[in-house]
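Visitor: Sequence:
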Amino acid sequence: MTIYFYKVWQPYGCFSNFSPHGIQIQGTYWSTVEHYYQAQKFVGSVDAVIIPAIHAAPTPEEAAALGRCSTRQLRPDWQVAKTQVMREAVLKKFLTHADIREILLNTGNEILVENSPTDYFWGCGAKITGQNHLGKILMSVREEIRQSLLLSVITADCASE
-18 MTIYFYKVWQ
-8 PYGCFSNFSP
2 HGIQIQGTYW
12 STVEHYYQAQ
22 KFVGSVDAVI
32 IPAIHAAPTP
42 EEAAALGRCS
52 TRQLRPDWQV
62 AKTQVMREAV
72 LKKFLTHADI
82 REILLNTGNE
92 ILVENSPTDY
102 FWGCGAKITG
112 QNHLGKILMS
122 VREEIRQSLL
132 LSVITADCAS
142 E
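Numbering-wise, the working numbering puts 137 at position 156 of the sequence shown, and it's gapless, one number per residue.
Keep in mind the hints are simulated off the structure, nothing from the lab.
As the structure is a prediction and not an experimental result, all values here were calculated from the model.
There may be inaccurate statements among the hints.
Unchecked claim - Label pairs and their in silico Cβ distance ranges: (1) 102 to 54: 16 to 22 Å; (2) 90 to 7: 30 to 36 Å; (3) 33 to 65: 19 to 25 Å.
We treat Cβ as the ideally placed atom computed from N, Cα and C, and that holds for glycine.
Using the sequences and the accompanying hints, generate a full structural model.
Guide: Dropping the structure here:
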């Protein structure tokens, strides 16, 4: 079975970058993954001055709008860095919040798909032909957390012998 997610209020909405699960990265607290991701587009660019406004945006929708403004110059390596930036934030989110970590782990080995009708990079797009990079990151994070939990169980077993 494939698990589709998109809006925060729908089933598996906690997988959305707009979900209200804050993260702390490099000493800074971000209200949502979306806030962090949008701000990272401008690190080291001439438009880095927008980062505090993205950070302070009252909603992830507003943070996204600020980050998607086409007149701003993105950091030069953004096309290469964006997937790693997203993965770092998503991993941090699920390591930070035990409740949604359990939801993610309870998806077993199901395929996770961001059911965005407009995003063919992060989601599946309207025609279900998108690259689904967010779903792939979530599945990768799920496996990494699973492996680290397994390793900690094995390590604890060895220590008690």
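Visitor: All hints, please: hold or fail.
Guide: We went through each hint and held it up to the structure:
1. In this structure, residue 102 and residue 54 meet the distance hint of 16 to 22 Å, their C-beta atoms being roughly 20 Å apart.
2. Here the CB-CB span from residue 90 to residue 7 is close to 32 Å, well matched to the stated 30 to 36 Å.
3. Checked against the given bound of 19 to 25 Å, the beta carbons of residue 33 and residue 65, roughly 23 Å apart, stay inside it.
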